[in-house]
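> Chains as they are written, first to last, in the UniProt record's numbering: chain A, 1 to 440; chain Z, 1 to 440; chain V, 1 to 440; chain P, 1 to 440.
Calculated directly from the structure, the hints in this document are not laboratory data. There may be inaccurate statements among the hints.
Stated by the list, open to error - FRET-style restraints, in silico, Cβ to Cβ:
hint	chain 1	residue 1	chain 2	residue 2	range
1	A	D247	P	D402	41 to 49 Å
2	V	S250	P	G27	53 to 61 Å
3	P	A85	A	D247	42 to 50 Å
4	P	D26	Z	A249	21 to 29 Å
5	P	K183	V	D355	50 to 58 Å
C-beta: ideal position from N, C-alpha, C; glycine also.
4 protein chains.
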Amino acid sequence: MNRSGFFYDLLSTLFERPNLARIKGDGRSITELCEALITSSSEGASHSMGQQILSQFSELTPEAEVEFFRYLTEQLDIDTEKLKALTAAYQADRSPDNLAGLLEAAEPRRQELLRRINRVPGATGELVSMRAHLLGLLRDNPSFGRTDLDFQHLFGSWFNRGFLVPRRIHWQSPANILEKIIKYEAVHAIDDWDDLRRRVEPADRRCYAFFHPAMPDDPLIFVEVALVKGVPGSVQAILAENREILDPASADTAVFYSISNCQAGLRGVSFGNSLIKQVVEDLQAEVKSITTFVTLSPIPGLCRWLSQSLADQPNADAVAQAVKVATDTGDLAGLGDQSQWLRRQAASYLINQKDRNGLPLDPVARFHLNNGAMVHDIHAGADLSANGVRQSCGLMVNYLYDLRKIGQFHEGFAENHTVAASRDVKTLADAAAANSNGRK
Amino acid sequence: MNRSGFFYDLLSTLFERPNLARIKGDGRSITELCEALITSSSEGASHSMGQQILSQFSELTPEAEVEFFRYLTEQLDIDTEKLKALTAAYQADRSPDNLAGLLEAAEPRRQELLRRINRVPGATGELVSMRAHLLGLLRDNPSFGRTDLDFQHLFGSWFNRGFLVPRRIHWQSPANILEKIIKYEAVHAIDDWDDLRRRVEPADRRCYAFFHPAMPDDPLIFVEVALVKGVPGSVQAILAENREILDPASADTAVFYSISNCQAGLRGVSFGNSLIKQVVEDLQAEVKSITTFVTLSPIPGLCRWLSQSLADQPNADAVAQAVKVATDTGDLAGLGDQSQWLRRQAASYLINQKDRNGLPLDPVARFHLNNGAMVHDIHAGADLSANGVRQSCGLMVNYLYDLRKIGQFHEGFAENHTVAASRDVKTLADAAAANSNGRK
Amino acid sequence: MNRSGFFYDLLSTLFERPNLARIKGDGRSITELCEALITSSSEGASHSMGQQILSQFSELTPEAEVEFFRYLTEQLDIDTEKLKALTAAYQADRSPDNLAGLLEAAEPRRQELLRRINRVPGATGELVSMRAHLLGLLRDNPSFGRTDLDFQHLFGSWFNRGFLVPRRIHWQSPANILEKIIKYEAVHAIDDWDDLRRRVEPADRRCYAFFHPAMPDDPLIFVEVALVKGVPGSVQAILAENREILDPASADTAVFYSISNCQAGLRGVSFGNSLIKQVVEDLQAEVKSITTFVTLSPIPGLCRWLSQSLADQPNADAVAQAVKVATDTGDLAGLGDQSQWLRRQAASYLINQKDRNGLPLDPVARFHLNNGAMVHDIHAGADLSANGVRQSCGLMVNYLYDLRKIGQFHEGFAENHTVAASRDVKTLADAAAANSNGRK
Amino acid sequence: MNRSGFFYDLLSTLFERPNLARIKGDGRSITELCEALITSSSEGASHSMGQQILSQFSELTPEAEVEFFRYLTEQLDIDTEKLKALTAAYQADRSPDNLAGLLEAAEPRRQELLRRINRVPGATGELVSMRAHLLGLLRDNPSFGRTDLDFQHLFGSWFNRGFLVPRRIHWQSPANILEKIIKYEAVHAIDDWDDLRRRVEPADRRCYAFFHPAMPDDPLIFVEVALVKGVPGSVQAILAENREILDPASADTAVFYSISNCQAGLRGVSFGNSLIKQVVEDLQAEVKSITTFVTLSPIPGLCRWLSQSLADQPNADAVAQAVKVATDTGDLAGLGDQSQWLRRQAASYLINQKDRNGLPLDPVARFHLNNGAMVHDIHAGADLSANGVRQSCGLMVNYLYDLRKIGQFHEGFAENHTVAASRDVKTLADAAAANSNGRK
């Protein structure tokens, strides 16, 4: 990565934020402002209207919020009659003017509204937050999905990979950024500033995030990495308070032990793949001794699947019962040394259990397999936190990113839903199947 | 040399540029790559295909370039039959799924192609350059205007005002930026580095530009400002080599004496208005003594109009003849003291001459009047450079930005095409009309 | 403060730090290395020796440390015989060569040693820390004061005001800097990151520090400021958790409520005066509404003086007894409403109690009065923290920085030891004197 | 335009510069101000006096300047009587107090004066400039050498290697820095901005400089480096306008082809050694393929020596005559193919010609040999610029920095004045000696 002091200057400017609390309204309602903004030709007026809309939105009651999204969905929709006419016109004469008319008619008017609001400095983050609200209302108001399509379309364009900025997070990072890492960590909760420091300060720990220049204070996604010797089988060792720090030059393996999406309002705008790829490239260049890139991931759907699967068998044996107790109570001790049995079940779950699209049931598995990783190993008792036991029966899995095979594995998965797995894991899955068959 | 610092990190990343010269092709043609990219699901492969497309494009022959744009225009267009069907479906049932189908069908496939190319770091600038090529082919290939609509649509979204970064240019700015200011200056050419320094280093000179984070080395538009006492009537004094430097605290007027758009490929994506507004705000905050904001602008259409207008009069008098000679030869001396006559003609031209849409003939006048400025004063012999004489008969005009009236003037212009002008300028225009009438 | 992105680059380089833990010795003892370093002519060898000396020093036992400083003090001292001869030679012939010889002989050799150690990147902070160790040994080894003179001399040169960098600390500051603010706060302890945030994030709170470019991670001194309406009489209100945040534009007063020196090793190298001056200038430029600059300071010597003073009076009355109890137990409640009596005593203490040099007994008073401030007001019950009650009987004092009178007050204090005080405070002190007289 | 970022803040402060032109005097003369400043206890007053002194100094007539330095030299000198007494006192009782008295008396008062002036922001550069003036007066006023000793002492402390900041200069560097590179280049003049660009922009060219944080706009020393294949024998190829740019990964050799000290006022405060060492380390880390570090240096004393040496021989042969003509006229063509003879003479000059201290006559040779380099090769016709021919008879020399032998070579040179040279160069020198002997 090249460098220059100049652009420091450049980015610092982006810090301007509208102080929405101070925006005084001019008496118009939020929908009146929207109507006016869509048709305004004055930049000055547009700016003020955009600010007022964001300010009013932030203070809407839940009911008024629903009303607002209903307005966007129904009043600012496509005029299908007009669109039909203009499509026919363009079919008859494929002139640029006819296409211009068609394209304008084919776009819900709310898209232009959102683009105009986004001209206000700092508005991008506010619009991401607006969509988070919208997503929360979708279940009860399925028609709002129409408005959500426009958010998705715009965010896909604005948060294009080419506009994202990868950035390392460390103990010299600004406190206002670090507190967001604490807040957004979704896999292994960060207890406090000391816990955070253990994850970003030592020489054998890394944290990387993607930022967007219009939201420089707010990470979009981040990944936590441990540099270790050998592929680890438990997250406890990685998070331990008093562990010995490793000289990075002695490490041979980089472990991605946590990946967190930060912005609920960006659901479906995927960055994880790109971030992992970027980090792998950076680490390869920086720490020559590292040759293995692997995750240490939860299996968040395992317990639920196991419970259901065992529940279906009237003659569930002792092990099954134990698992049920263990996952019900969160007490893994009851499992005794049945860990090998659990590993087999997990292998089978990851490799053989598919959803109606033929893809793996487990969402984390889908993510990494689609990135071109393979299921490398499965460990029992690897995450004994409350969450780890409840969701994953304490198991964790290593997905291996073998740079020479990523392309091939991705293609196999994308085209044929082939789940790449190591010989060991396949053997485990086969044993589970044999067992299961044997039992019948 | 070690490095650190958070924002350093952030921006330095933006420097990554694809070294297109080094991209090796994989044997596929540019259109094959486009087809593959639109349908690819692998990020790694997409990245490589995007780079190859940009690399191949940069080496196309003129004929092949036309072929490529023809491909984009005709092969990646909308399927109108499908669009009609999906519009009907949505009309029948306004479900989100139906809308999703409609929106996808209503978007020419080349839009998705361009978005995917843009994922390559540094691609944004390359796509701006691609459109510059496209614009050059429009006259001979009017149908390419269909493809241009998609560029416009995407650029309007990507170069949204909220994503632009205002930045002052000074003598401490990086040389690679400054050389672009020299290159892009479109109004009063910058001869060399010494001339540049005279415009950006003295305490009473300013230069501001807009940048986009994905093109950090390349300004989008910039404006040059002189801080002076009193509204100036000639650009020579402003550009003089040995003038005395004014203490900014003694200045009462900021003169915008040059505004240059830098990117031909961003034609129609307007920033000038926003930049002027930003600079006015910044200067007001920084230099309290400044109360007047005014341009010193060319009247680029004046000479052509004058020649045509006089040519129509068989009995054109001596003055007319002199102008014709002067503008034909570029020698203003022949005009003698007819400058008052010229000022009247210019006032009349700016205020009364309209295009078929009822807007002023002069493009610079349209720009400032639409921003809310008024025609404040007109000066003869104000730009004696070759260009100034040839286009503007040596005249220049001050457009005044009176912050209290900008909104009102903009509205009057936008709604009724009212040209705001000072009493003096109106008097000049009236005199021209009287003369003209009297002559008949 | 002007700005440029370039020097960001510049400073970031300074982050290079020697990893002393990794420096391997070459078998020589620390004193052997010192001898070799003083005479070495090779930069490469010097660098290595400097690192080894710092590394070995950091691992010395307490006894070996004393030996090391004894070595510096006695073995690297001035050769007085030689100095006498060279002084005579210079007296006889004031040639540059003779002066050069004299100057070299007049400088203890340890000065050159310390300068050479300081060539190692990052050594400056290590040397500051080395002096902190030395200061801790002075009481038991008064002769080490000779070595301390050389540290003082060098630090006075290296930490010259012209080399110091003022810098605002806020919630966007790097966490590694912020944790040092927590650690170094010497007046009103910062409990945790939330407490810190309350002091640096709100719009009406400021924190400024001085840094040295060779120690960019470590503040030298910092001051905490509250922007308020009216001069405050208690620190509790300023530090309250749930107070309302004030719009800075509504503030009329800046309160310096805490000043902390960070580096024990820089004792006697004073920065406080410069920092206050710098902050006053910056705040005046930034927040136009602020017209009053005032401290809210402890009176750290008050309780001790009061106890001693009352102890001398065999017939100490009830109040005196109450104070004794209160300060012994730290329970102020016992004082009842005797606060007016306490204010009088404090006024008298600040204005009339002098040390043997004729300067005020109270160290904080000496500092601010020497800066040109005046004693403005005294408040009882103003700091009810354990520390505040134990040292200052819960009282606090406002020193007022009246910019028009700073020069005059400083001179009066520096030349005649005149204590500038408001009429109110003088009245309090007079009342205390009258009381005291009356009691006799 | 808002701004933020920690280090931005940090460094931007260093930009504060006194605008000396605007400093108004208070009626006191420069020497009165100096007396007042030495004794002042008020920081505010000191600041103002320091500014006035610098401002007045910058406007002194040549005569007044001499007077000023005479004042510094004679009025602010050491009181030798006092020093003798205090030395005796310390000899009798080595107490810290006695040492403090002695140290104060042993320091010319002008040192404290200069330290106090240096508290003014931006004063460091002014003081460096002041010493440059002083150096220009030394020949006519040798006693001023006493004052120069104090400048040297202070600058040695302030410009300690540990405070210097290495920084790469490239085409993204600020224009105000780059123009100083043009101005300060002392070996191969830089004609204009295009010439500069050829030296800092291409991937196979580097430029590095040392800066001091208190003079962030002004480089102290810089070196220009070319990355090439094989050790080059001529500077023309390196500076050629239309040469082909080399991929750095294909380079095996780094050539230091120009080293320039920038500040006349820092004469004798050496940085060159450190800068070369720093650049070698950085290049080794960055461009793995580079294994050879070599200079391409002038032999500035060669022509003069050769002329004198041949002039002593009454029977100087044709070659000698030709050289005389060539160096007198600057026309090398007359030399014909006598280049081998010249190389022998140069080898002999570099290896065998010593000054009265037993060190090589040639200053550039002294510099590199003392750094631990060896004489590697000698090239005729290697610098055909006017300067190159006049001083070095067109010859250039490679000094090789072999990292494994630097320590050993430096020691041999420092202790025994041994000139390390390659077998080839030694053979050339031997041949010169044989020739010379044979001729007798």
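> Look at each hint and say if it fits the structure.
Results of checking the hints against the structure:
1. D247(A) x D402(P): 41 to 49 Å: violated, 30 Å
2. S250(V) x G27(P): 53 to 61 Å: violated, 43 Å
3. A85(P) x D247(A): 42 to 50 Å: violated, 59 Å
4. D26(P) x A249(Z): 21 to 29 Å: holds, 23 Å
5. K183(P) x D355(V): 50 to 58 Å: Hint holds: Cβ distance 56 Å, inside 50 to 58 Å.
Hints 1, 2, 3 from the list above are not met by this structure, while the remaining hints are.
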